[in-house]
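*Asks:* Take a look at the letters that make up each chain.
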Amino acid sequence: MNASIDTHQTDVLILGSGGAGLFAALHAKQTNPDLDITIAVKGLLGKSGCTRMVQGGYNVAIADGDSVERHFMDTIVGGKWLPRQDMAWELCVKSVERIQELENELGCFFDRNSDGTLHQKAFAGQSFDRTVHKGDLTGIEIINRLMEQVNALEVNRLEEHRAIELIPARDGSGIAGVLLIDMRTGTYRFIKAKAVLLATGAGPTMYLYHTPSGDKSCDGLAMALRYGLSLRDMEMVQFHPTGLLGGRDTRMTGTVLEEGLRGAGGYLLNGDGHRFMKDYHDNAERATRDIVSRGIYEEMRRGNVTSMGGVYIEMAHLGPDNVSKRFPGMVKRCADCGFDLAGGRVEVVPTAHYMMGGIECGIDTASASPGLFIAGEDCGGVHGANRLGGNGVGNSTVYGGIAGESMAAFIAANPNIKDEDQHVIEQGIARAEKPFGKTPENLPALRDSLYQTMWDKVGILRNKKDLSSAVSEITAQHQSLDDIGLQDGQRAFNLTWHDWLNMQSLFDISKVITAASLARNDSRGAHFREDFPHTGDLNSTCYIRTSGSVDQLVTEAVPVDFSIVKPGESLIDDEASVPPATA
Amino acid sequence: MLKVSIWRGVDEGEFIDYEVPMRANQTVLDIVTEVQRNQEPDLAYRFACRVGVCGSCAMTVNGRPRWTCRSHVNDVIDGDRLVLEPLRSHPRIRDLVVDLAPFFETWKGSGAVFKPSATRDDKPVKITADDPARKNADAGIECINCAVCYSACDVVSWDKNYLGPAALNRAWTLVNDAKHGERKETLNKALGDGGCGSCHSMGNCTRNCPVGLSPSAGIAGLKKFALRGLPKVEKP
Amino acid sequence: MTVVRGLFIAQRYSAMLLAPFVLIHLALIIIVVRNGLTAEEILSRTNGSTLWFVFYVAFVLAVTVHAPIGVRNVLNEWTRLSGGVVNVICLCLALLMLSTGLRAVFAVT
Amino acid sequence: MANNRQSMRTHKSYFAFVGHRVSGLLLALFLPIHFLVLGLALEGADALNRFLAFSELPLVKAAEWGLVVLLAIHLLFGIRVLMLELTDWPNSADGRTAWIIPSVIAALLVGVIFLAQL
Ligand SMILES: Cc1cc2nc3c(=O)[nH]c(=O)nc-3n(C[C@H](O)[C@H](O)[C@H](O)COP(=O)(O)OP(=O)(O)OC[C@H]3O[C@@H](n4cnc5c(N)ncnc54)[C@H](O)[C@@H]3O)c2cc1C
Ligand code: HEM
Ligand code: SF4
Ligand code: F3S
Ligand code: FES
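Residue numbers (my numbering), protein chains in the order written: chain E, 1 to 583; chain B, 584 to 819; chain R, 820 to 928; chain V, 929 to 1046.
Hint data in this document are derived by calculation from the structure and do not stem from the laboratory.
In this text, all values refer to a predicted model and were calculated from it rather than measured experimentally.
Please note: incorrect hints may appear among the correct ones.
Here are the computed lysine to any residue pairs in the SDA-like style, where the Cα-Cα straight-line distance is at most 20 Å [stated by the list, open to error]: (1) B:K698 to E:A152; (2) B:K807 to R:T821; (3) E:K192 to E:D34.
Here chain E stands alone, though its shape is the one from the complex (with noise of 0.2 Å):
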């Protein structure tokens, strides 16, 4: 065992450097400029994560017209009535206020109207156009403002540094700090912090076909599990219908075409060239996420794919030209990719590409264990059974915010650093060293075995029959994974090590996703079983928490607290645009 471990010490440990994590630097620098602050992550500062990747924009109720309400209102009929109440609407109403942040103090500009004003676009499942952006690279617009503030903030920056394992205080009085690896030497770090902040984005990233970025794979869920605490929501992955197929040996498969392409009224083709999604709704391509996804799936079980085994879509009848101007980004990438999109076909699938679930935690962000805070993707219950487009970016700012505020306030009224459990820290290296000094054998082999399980039986189509063969196929994938070595040299910068890290993480997840997705037998957003296709009642709704150990996993159904509104009813008193009760 490596004896040596490096220790720091710190007041404010945040994981991650997406929208979350610099936002909660941010803010607890403001509320307490004399707090010492270390951000670990795993990639490099703001360039890591999500929180750069978004496209579509932020949902932000400042028009006339439009209200706080109005767009609770859309989040909680989006989110079927799984949304946590209380957290919904505080996105809502604090997005107002980050948005301004972000103009006004941090000094991103969003695209404007003619007349100077914010421009909003339509968003699937809105009922109102309310998604603020920058042209299509919303994010990038975003997480750079924030890096430029937070590298300007005195922080202290581990970057590519990869938490394993939380570690909690001896007298389990709550968390003492957070075991790491720094990658870049490969050696194992203990950083003591009297609050740590989990914003590491969590990532549907077990899937076959997936958008997340590479950094990203459930390791802040996996960690959190472990440590105790519960999830909630995890049957709830959103697949967004047009993922880039390339083959399988090419990372940009799974990366999004941007919804707008079917806006725009692009068709899409299966293998035959027939347009099928006139044969499954109304609205063809331009039904929701969903639908689309679970038409593409379905034409995929049928077999009438492309040769990559994905469909077509297709732009060029609104003429090449104009899907070159109108999609400059998209078409320059796919060109980029060796595809011509402005006036060919390009193969596409469904791919995996955000967690609605995740870690149960307070309004202010904060765990059930003292000193433990939970941001962004990490965090569960906002979204319910489905994300507005729009209301990611805005979930992982506005909470990561509050985060930083709840752990300046945390470490006032909680000033000293605690004992770590030193058996915990020994656990964690011992589950970072199991490959080394067995005999190592191919990984790659094994990631595609998890990637095909979850993609055909715990994805768009779910039956019981498929998920409790699944619950099998991983345990024994897992099994092998614990079994698999690795060729022990240079552990500095070793990305098949981190690979098989990232795959211990999955598979914990796998786990969750697939026994909250049999724990629930009925239909609703993200997750549909054909067994049970219709939604249940409404008034007697309940979300999926997940405890326990992976190997032992307890699920519960708890009734939705319908604190602010219930079923039927609405916040919104002019009927004409009422959002729709289902959408």
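Position chains B, R and V with the ligands against the provided structure of chain E, taking the given hints into account.
*Replies:* Below, chains B, R and V with the ligands alone, put in the same frame as chain E:
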């Protein structure tokens, strides 16, 4: 088969040759991934988004700095050869990975940090997108901080004081930003030590910027302000 | 105003001055060398002319400002000399240019 | 991506940079010598004439020709740089590279005229 020579080591090291199957859809990032997954488990390289927005994956490909996740092999290959090295002008970490921290330090040096002139309680100011200063800023704003331009610029490699194209490009966008509270200070820093006076308009930054920005034009704009003074930017 | 900024501005303004000077000078060279160059010719053209005197003094001054600043950049970028040494070299170059230049102007006018 | 495989130091802007710098350096080296020679006039026309006779040698003539061309090149490239720095760019990617080749041609033309005048 494709012949790939990859730099292994830190400052001391050597090129090692690998053979990788040729495929129809293959980026340079896919090539290094293939090598790492199937031939050389401890090959070090960096990527994150894989779609050209995070700027983590840049390296030197056949002599030129590039983002690799969006560089199709067919577009960059020389015969059947690919030579991959870390980005130049950065401290090396291992194999194809460099330390970008000094690169980000240059941001501060060039005064490229937004200072607010309003608060979160104020409505966003009304500035139209066709405001001339705003247009200047917009033209330079979508930088992914990939450090390709920095690595491409010879002056950066010659003069360790030079802040380089990316940081100066950001300073240029700020000087044109009516919302920025310290336009003058930013201009002063950008014209100071290691600032835009060191740029000799070589243009390698612009020619290599993967997202099509033109730091050359931005730096020339800063020089114009140096000579003519900072123009007023209307703030309604 | 920082030193570098001052140097930058000085170099650009001196360049702007030099541009017409060099043009005139080039034109002159081409016209006068037509008949072969003799000292008498040069001197007869320039001796006693205030116009030429002012022209050449300004030329020398501009070059004295312009060229050493340029050389300073080159030395800073292309050699390992320290900044201080480079400054001294360039100051010397400036003095050399100024002294030989003014001497020449007085000689021929 | 027409220029995709072109090397980092064989494109026009780079050529203009090198040309400008090398010409500037050579001029900076030559100018003090030039001034010294003219200064000979102080010692009388004879001294200057002796030098000018020396300058009739073919090698010296060639060098002189070179200097004229260098001066012209540096001037024209210098004007391009000043244009870049003082005026708006036609578009943000275009550093008036179209001026570079004509500048070289013009400088050579000056050289040709100079030769023709000899
Ligand atoms: C292609 C794409 C497009 C999207 N478009 C939109 C959109 O238009 N609108 C919208 O609202 N939402 C969109 N989303 C969703 C949105 O990006 C996310 O919901 C949001 O950015 C999540 O922010 P975050 O801060 O929680 O996590 P992220 O921004 O993902 O950051 C996670 C951070 O944690 C780090 N990390 C991970 N594991 C560890 C570890 N073990 N140790 C240390 N650090 C770790 C990562 O490196 C990263 O820095 C999109 C997502 C994708 C993938
Ligand atoms: C004819 C008028 C001249 C003009 C318009 C001019 C213009 C310029 C300009 C704009 C630069 C800055 C280039 C850069 O930094 O990239 C420059 C640099 C330089 N100039 Fe001139 N110049 C002129 C005459 C001269 C003369 C007569 C000399 C020499 C005696 C000279 C020597 C230099 C040198 C050495 C440099 C530095 C080059 C570099 O930094 O790369 N210039 N000139
Ligand atoms: S200006 Fe272009 S090349 Fe330079 S860092 Fe930004 S995106 Fe990269
Ligand atoms: S390459 Fe360098 S010299 Fe200037 S134009 Fe670009 S910064
Ligand atoms: S991996 Fe993000 S730009 Fe290439």
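*Asks:* Checking against the hints above, which ones are violated?
*Replies:* none
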